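**Q** Each chain, letter by letter, is given below.
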Amino acid sequence: MSEEGKKKGFFSRLVEGLTKTRDNIVSGIDSVFRGFSKLDDEFYEELEEILIMGDLGVTATEAILDKLKEKVKENHIKEPAECKQLLIDSIREQMQVEQTAYRFEEEKSVVLVIGVNGVGKTTTVGKLAGKLKDQGKKVIIAGADTFRAAAGNQLKEWANRSGVDMIGGAEGADPGAVVYDAAAAAKARNADVLLVDTAGRLHNKKNLMNELGKINRILEKEYPDVYRETLVVLDATTGQNALAQAREFSDVAKISGIVLTKMDGTAKGGIAVAVQSELHVPVKYIGVGETIDDLQKFDADEFVNALFDVQKEGEENHADAG
Amino acid sequence: MAFDSLSEKLQNVFKNLRSKGRLTEDDVKTALKEVKMALLEADVNFRVVKKFIKDVQERAIGQDVMNGLNPGQMVIKIVNEEMVNLMGSETTELSFRPGRELTVIMMAGLQGAGKTTTTAKIAGKLKAKGKKTLLAACDVYRPAAIEQLQINGEKQGVEVFSMGDKNRPSDIAKAAAEHARKNDCNVLIIDTAGRLHVDEEMMEELAEIKEAVDVFQTILVVDAMTGQDAVNVASTFNEKIGIDGVVLTKLDGDTRGGAALSIRAVTGKPILYAGMGEKLSDLEQFYPDRMAGRILGMGDVLTMIEKAQENLDEEKAKELEQKMLKNEFDFDMYLESMSQMKKLGGLSSLMGMMPGMGAKMPEIDTDEAEKSMKRIEAVIHSMTPQERSNPNLLNPGRKNRIAKGAGVDISEVNRLVKQFEQTKKMMKQIPGMGKKKGRRGGFGGMFKGFPM
Numbered sequence: 001m002s003e004e005g006k007k008k009g010f011f012s013r014l015v016e017g018l019t020k021t022r023d024n025i026v027s028g029i030d031s032v033f034r035g036f037s038k039l040d041d042e043f044y045e046e047l048e049e050i051l052i053m054g055d056l057g058v059t060a061t062e063a064i065l066d067k068l069k070e071k072v073k074e075n076h077i078k079e080p081a082e083c084k085q086l087l088i089d090s091i092r093e094q095m096q097v098e099q100t101a102y103r104f105e106e107e108k109s110v111v112l113v114i115g116v117n118g119v120g121k122t123t124t125v126g127k128l129a130g131k132l133k134d135q136g137k138k139v140i141i142a143g144a145d146t147f148r149a150a151a152g153n154q155l156k157e158w159a160n161r162s163g164v165d166m167i168g169g170a171e172g173a174d175p176g177a178v179v180y181d182a183a184a185a186a187k188a189r190n191a192d193v194l195l196v197d198t199a200g201r202l203h204n205k206k207n208l209m210n211e212l213g214k215i216n217r218i219l220e221k222e223y224p225d226v227y228r229e230t231l232v233v234l235d236a237t238t239g240q241n242a243l244a245q246a247r248e249f250s251d252v253a254k255i256s257g258i259v260l261t262k263m264d265g266t267a268k269g270g271i272a273v274a275v276q277s278e279l280h281v282p283v284k285y286i287g288v289g290e291t292i293d294d295l296q297k298f299d300a301d302e303f304v305n306a307l308f309d310v311q312k313e314g315e316e317n318h319a320d321a322g
Numbered sequence: 001m002a003f004d005s006l007s008e009k010l011q012n013v014f015k016n017l018r019s020k021g022r023l024t025e026d027d028v029k030t031a032l033k034e035v036k037m038a039l040l041e042a043d044v045n046f047r048v049v050k051k052f053i054k055d056v057q058e059r060a061i062g063q064d065v066m067n068g069l070n071p072g073q074m075v076i077k078i079v080n081e082e083m084v085n086l087m088g089s090e091t092t093e094l095s096f097r098p099g100r101e102l103t104v105i106m107m108a109g110l111q112g113a114g115k116t117t118t119t120a121k122i123a124g125k126l127k128a129k130g131k132k133t134l135l136a137a138c139d140v141y142r143p144a145a146i147e148q149l150q151i152n153g154e155k156q157g158v159e160v161f162s163m164g165d166k167n168r169p170s171d172i173a174k175a176a177a178e179h180a181r182k183n184d185c186n187v188l189i190i191d192t193a194g195r196l197h198v199d200e201e202m203m204e205e206l207a208e209i210k211e212a213v214d215v216f217q218t219i220l221v222v223d224a225m226t227g228q229d230a231v232n233v234a235s236t237f238n239e240k241i242g243i244d245g246v247v248l249t250k251l252d253g254d255t256r257g258g259a260a261l262s263i264r265a266v267t268g269k270p271i272l273y274a275g276m277g278e279k280l281s282d283l284e285q286f287y288p289d290r291m292a293g294r295i296l297g298m299g300d301v302l303t304m305i306e307k308a309q310e311n312l313d314e315e316k317a318k319e320l321e322q323k324m325l326k327n328e329f330d331f332d333m334y335l336e337s338m339s340q341m342k343k344l345g346g347l348s349s350l351m352g353m354m355p356g357m358g359a360k361m362p363e364i365d366t367d368e369a370e371k372s373m374k375r376i377e378a379v380i381h382s383m384t385p386q387e388r389s390n391p392n393l394l395n396p397g398r399k400n401r402i403a404k405g406a407g408v409d410i411s412e413v414n415r416l417v418k419q420f421e422q423t424k425k426m427m428k429q430i431p432g433m434g435k436k437k438g439r440r441g442g443f444g445g446m447f448k449g450f451p452m
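Residue numbers (this note's numbering), protein chains in the order written: chain V, 1 to 322; chain G, 1 to 452.
A hint or two may mislead.
Said to hold, decoys possible - Derived BS3-like pairs: lysine-lysine, alpha-carbon spacing no greater than 30 Å straight-line:
{"hint": "1", "chain 1": "G", "residue 1": "K29", "chain 2": "G", "residue 2": "K54"}
{"hint": "2", "chain 1": "G", "residue 1": "K374", "chain 2": "V", "residue 2": "K205"}
{"hint": "3", "chain 1": "V", "residue 1": "K205", "chain 2": "G", "residue 2": "K127"}
{"hint": "4", "chain 1": "G", "residue 1": "K36", "chain 2": "G", "residue 2": "K77"}
{"hint": "5", "chain 1": "G", "residue 1": "K155", "chain 2": "V", "residue 2": "K206"}
{"hint": "6", "chain 1": "G", "residue 1": "K51", "chain 2": "V", "residue 2": "K38"}
{"hint": "7", "chain 1": "G", "residue 1": "K166", "chain 2": "G", "residue 2": "K240"}
{"hint": "8", "chain 1": "V", "residue 1": "K221", "chain 2": "G", "residue 2": "K371"}
{"hint": "9", "chain 1": "G", "residue 1": "K33", "chain 2": "V", "residue 2": "K38"}
{"hint": "10", "chain 1": "V", "residue 1": "K206", "chain 2": "G", "residue 2": "K374"}
{"hint": "11", "chain 1": "V", "residue 1": "K254", "chain 2": "V", "residue 2": "K131"}
{"hint": "12", "chain 1": "G", "residue 1": "K155", "chain 2": "V", "residue 2": "K214"}
{"hint": "13", "chain 1": "V", "residue 1": "K138", "chain 2": "V", "residue 2": "K297"}
{"hint": "14", "chain 1": "G", "residue 1": "K129", "chain 2": "G", "residue 2": "K155"}
{"hint": "15", "chain 1": "G", "residue 1": "K279", "chain 2": "G", "residue 2": "K127"}
{"hint": "16", "chain 1": "G", "residue 1": "K125", "chain 2": "V", "residue 2": "K205"}
{"hint": "17", "chain 1": "G", "residue 1": "K279", "chain 2": "V", "residue 2": "K206"}
{"hint": "18", "chain 1": "G", "residue 1": "K371", "chain 2": "V", "residue 2": "K205"}
{"hint": "19", "chain 1": "G", "residue 1": "K50", "chain 2": "V", "residue 2": "K67"}
{"hint": "20", "chain 1": "V", "residue 1": "K108", "chain 2": "V", "residue 2": "K156"}
{"hint": "21", "chain 1": "G", "residue 1": "K33", "chain 2": "V", "residue 2": "K67"}
{"hint": "22", "chain 1": "G", "residue 1": "K127", "chain 2": "G", "residue 2": "K174"}
{"hint": "23", "chain 1": "G", "residue 1": "K279", "chain 2": "V", "residue 2": "K254"}
{"hint": "24", "chain 1": "V", "residue 1": "K69", "chain 2": "G", "residue 2": "K54"}
{"hint": "25", "chain 1": "G", "residue 1": "K371", "chain 2": "V", "residue 2": "K206"}
{"hint": "26", "chain 1": "G", "residue 1": "K50", "chain 2": "V", "residue 2": "K78"}
{"hint": "27", "chain 1": "G", "residue 1": "K418", "chain 2": "G", "residue 2": "K399"}
{"hint": "28", "chain 1": "G", "residue 1": "K50", "chain 2": "V", "residue 2": "K84"}
{"hint": "29", "chain 1": "V", "residue 1": "K71", "chain 2": "G", "residue 2": "K33"}
{"hint": "30", "chain 1": "G", "residue 1": "K36", "chain 2": "V", "residue 2": "K73"}
{"hint": "31", "chain 1": "V", "residue 1": "K156", "chain 2": "G", "residue 2": "K279"}
{"hint": "32", "chain 1": "G", "residue 1": "K51", "chain 2": "V", "residue 2": "K67"}
Think of the hints as simulated: they come from the structure by calculation, not from any bench.
Computed from a prediction, not measured in an experiment: that's the story for all the values here.
Chain V with its partners taken away, still in its complex shape:
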C-alpha cells in the first residue's frame, strides 16, 4: 500500500480522501445548478436523484427537499445558486459534531467498537490505538473477536505496529471472558484508554446481539468509573441497511458515535446524513484508506464544504486530484 503523504496536514488528507467522493457529488450538483434557470419540479426531481444516488435514502432526501422548498418559499428565492447554498447549509447543520464528542480521548475511558461483518472494525481499532498512543496515552486493546479465523492475529499485528498491549483469547473463547480480563488489566495497568474490538455480527442475529449485550454489561460492571464511548462502524458503501444497523446496535449498546469507513471509494457516504437525521448520533471519524493516518476526525464544516466545494467550480473532472 502507498505510504506516501504520511505527514500531510489534516485538511489536505481529508480533502484527498474525499476528492473522489466530492467530485462525484459536485459534478452532479453543479450540472444541476447550471442547467436550470428556475426552480421548477424538474429541478427538484434532479436534486432528488443526486441525493438518492448519494445513498441518503428516500426518507432523508424527502425531508431535506421539503425543508429546502419551505425555505425557498419563505425567503422568496428564485435562483438555483441561492438554492444550492441553502441545501449545503441544511446538510451541514444536520452533520454538526459537538465539541464534547471526543471526550474519551481526554479522559480515562473505554471504547467499545461494534458493527456488522466486514465494515472495518479491527482496522479502526488498530488505527485508533496508533493515534491515541501517538498522543502519549497508555492504550490497551481487547480482542473480543474470538469467532472469525485469525481475527486475533490481525489485531495483534495492529497492536504491534503501534506498540500497545493487547488482551486476546483463543479462537472460540468466550468474548465476555476476554473483555472481563481486559477490564481487569486496564485497571491494574492504569490504562488511559481500553479499546474493545468485537466480532462482526449482523444486527438481526439475536444470539450474537445478546452476546454483545453481555459484553456491554461486563464493561459497565467491571469497569464502571471510566468514560464510556461506543462506536458503531458503518461502511460508507452500505445502502439503507446502515440505518437498521445503527438502530439495532443502539438498542443493545447505546451508541455514542459513528465511524464511517471506506470513504476513499466512489461511495458517497450519504447514509451518514440519513443516520444522523434519524438517530441523532454524530459521525465522529471517517476512514479514508488503510494506513494509521487514514482515520480522520469528522468535521461537518469541512466535510460539507469539501462535498460542495464552490471554489472548485472552475476546475472539473480531476478524478485523480490530490
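Use these hints to put chain G onto chain V, whose structure you have.
**A** For chain G alone, coordinates are given in the frame of chain V:
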C-alpha cells in the same frame, strides 16, 4: 421501515378502485410510484430504477386486469415478471474447464465483502462435488489474511498454498498453479486482497494475476448491503478485469439486497451463490427469480416450499400421516414432526421466508420458541419407549422421573402432556385428514400441532 409490505401498501392505494377491466395510465402511475419508492428503499440504483419503471409503465398501460386481481396486484404481477426477466430466471453454476484440466478461479472485491470466507465456502462445495481443490493465499496486505484462509482451509479439509506476504500476488498465483498441476488438482481458487475499484495500482495487480495463471472464472464478491455504489463497483471491476459471475454475501441480514438487481442490470453477469451466514457451510445456490420478491419486500415463499420438499423425509412423512389417520398419535410422532420442522431450518429460518414476516421477526420471539422446543425434546427423550407410545402410562411418579431426567420442572412435563392431548384432539378434528390429501396436507397438519 416504510415498506414492510409493498402489496399491502398498494392495496391501500387502490382501495377505492374497483377492477375496471383495463389498467389506465393513472392506475399504473400511482402504483409504480410506490414500486419506485420500494425499489429505492431496497437500494436498487436510481438510474436502474428509473429505466425499469419506464419499461414496466410501457408494458402495463392498457393491459387487461386479470380476473380476481385488483389493479394494484396486476401492476405488481407485471413488475415481478419484469424483474424476473431482468434478474434471469435460471440458476447459474460455476463453470469448469473440461476433463481433468485445471480450472483457475479468482476472487475479487472490495475490502470486507467476504472474499476469504467465501473462498473457503466454495472450496467446501467443490470438495463435496469431488473436485480436488487448492486455495492460493494472495492477500499479502491485510494482517493475518493468509492465516484466516489457512485456518478455514483446514476446517474444510482443503489444501492452502501460501508464500507469505513478501511475494507479488501474481508470482504466488503462478507458483500455486504449478503446485496444483503437480498434485493433480482440478480447481485452484485464488483469494485476493480487498481493493477499491478506483485504486488503479491494485486493479492492475488483478489483471497481472489473470495474465500470469490464465484465470478461467473471475468471481466478484459483493456485500448484499451495498447501496447505490454497487453499480460503480461492479461495472468498474467488469470493465477493468472482466468478471464472469458474482457472489452476494451477507444475505442472511435483513437487507432487501437491491444491489443484486443493480449489478445484474449493469454487468449482465449472473449471481452464482448467496452467502447466508458465518458458518463455512452457509453458502447457497442463488435463485434470481426469488430475489425479485425479496427486493420488492414480498417474501420468499418459493424458497420455503423448496426447502420443505428437499428436506422432508417422504417416507417418514407418509408413516406419520398413516398414524395420524389411524389416530395413533403418540409422543414419538410428536418428536418426529418436530425434527422434520427443524430440518426446514428451524422456526426463525422458516418465518423469515414467509411473505411479510421478514421485517416483523424481532417481535415474535422465535429464539424463545426454539428454546422451548428444545426443552420439549428433552422431556420426550426422558420418557421410556413405552411411555412415548402409550401416554396413558404417565402417572405422577413417572412424570417426576421424567422432569428430573430432562432437568425441567414437573409443571413443564404436565404442560407438555396437556398440549399433547390437545394436539391429539385437534388432529381428529382436522377436516380432510380422513381423506387422502397427499403429503402437503399432512404437512400442514403437522404445523398446526405445534406447541407455540
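**Q** All the hints need checking, so say for each whether the structure fits it.
**A** Structure-based check of each hint:
1. At roughly 10 Å between alpha-carbon atoms, G/K29 and G/K54 fall within 30 Å of each other, so this suggested pair holds.
2. Our distance criterion of 30 Å between C-alpha atoms is met by G/K374 and V/K205, whose separation comes to about 19 Å.
3. Between V/K205 and G/K127 the CA atoms are separated by roughly 29 Å; this keeps the pair inside 30 Å, and the hint holds.
4. Proposed proximity of G/K36 and G/K77 is supported: the alpha carbons are some 15 Å apart, at most 30 Å.
5. About 26 Å separates the Cα atoms of G/K155 and V/K206, which keeps this hinted pair within 30 Å; it holds.
6. Proposed proximity of G/K51 and V/K38 is supported: the alpha carbons are some 26 Å apart, at most 30 Å.
7. Between G/K166 and G/K240 the CA atoms are separated by roughly 25 Å; this keeps the pair inside 30 Å, and the hint holds.
8. Our distance criterion of 30 Å between C-alpha atoms is met by V/K221 and G/K371, whose separation comes to about 28 Å.
9. This hinted pair checks out: G/K33 and V/K38 have alpha carbons roughly 25 Å apart, not beyond 30 Å.
10. Our distance criterion of 30 Å between C-alpha atoms is met by V/K206 and G/K374, whose separation comes to about 17 Å.
11. The straight-line distance between the Cα atoms of V/K254 and V/K131 is roughly 24 Å, inside the 30 Å bound, and the hint therefore holds.
12. Annotation: proposed proximity of G/K155 to V/K214 holds, straight-line Cα distance about 28 Å (limit 30 Å).
13. Restraint check for V/K138 and V/K297: the C-alpha separation of about 20 Å stays at or below 30 Å, so the hint holds.
14. The straight-line distance between the Cα atoms of G/K129 and G/K155 is roughly 17 Å, inside the 30 Å bound, and the hint therefore holds.
15. Restraint check for G/K279 and G/K127: satisfied, since their Cα atoms lie roughly 16 Å apart, inside the 30 Å limit.
16. Proposed proximity of G/K125 and V/K205 is supported: the alpha carbons are some 25 Å apart, at most 30 Å.
17. Restraint check: the Cα-Cα separation between G/K279 and V/K206 comes to about 16 Å, which is no more than 30 Å; the hinted pair holds.
18. A threshold of 30 Å between alpha carbons decides the hint, and for G/K371 with V/K205 the separation of about 15 Å falls inside it, so the pair holds.
19. For the proposed pair G/K50 and V/K67, the alpha carbon gap of about 25 Å is at most 30 Å, so the pair holds.
20. For the hint pairing V/K108 with V/K156, the CA-to-CA distance comes to about 23 Å; that is within 30 Å, so the pair holds.
21. Distance check on the hinted pair: G/K33 and V/K67 sit about 22 Å apart at the alpha-carbon level, within 30 Å; holds.
22. A hinted pair counts as satisfied when its Cα atoms are at most 30 Å apart, and G/K127 with G/K174 qualifies at roughly 22 Å.
23. The suggested pairing of G/K279 with V/K254 holds, with an alpha-carbon distance near 28 Å, which does not exceed 30 Å.
24. Distance check on the hinted pair: V/K69 and G/K54 sit about 27 Å apart at the alpha-carbon level, within 30 Å; holds.
25. Of the supplied pair hints, the one linking G/K371 and V/K206 holds, its CA atoms being roughly 13 Å apart against a limit of 30 Å.
26. Restraint check for G/K50 and V/K78: the C-alpha separation of about 28 Å stays at or below 30 Å, so the hint holds.
27. Distance hint between G/K418 and G/K399 is fulfilled; the C-alpha atoms sit about 13 Å from each other, no more than 30 Å.
28. Distance hint between G/K50 and V/K84 is fulfilled; the C-alpha atoms sit about 24 Å from each other, no more than 30 Å.
29. Proximity of V/K71 to G/K33 is assessed by CA-CA distance (about 26 Å); at most 30 Å being required, the pair is judged to hold.
30. A hinted pair counts as satisfied when its Cα atoms are at most 30 Å apart, and G/K36 with V/K73 qualifies at roughly 28 Å.
31. The suggested pairing of V/K156 with G/K279 holds, with an alpha-carbon distance near 24 Å, which does not exceed 30 Å.
32. Our distance criterion of 30 Å between C-alpha atoms is met by G/K51 and V/K67, whose separation comes to about 28 Å.
Of the numbered hints listed earlier, not one is contradicted by the structure.
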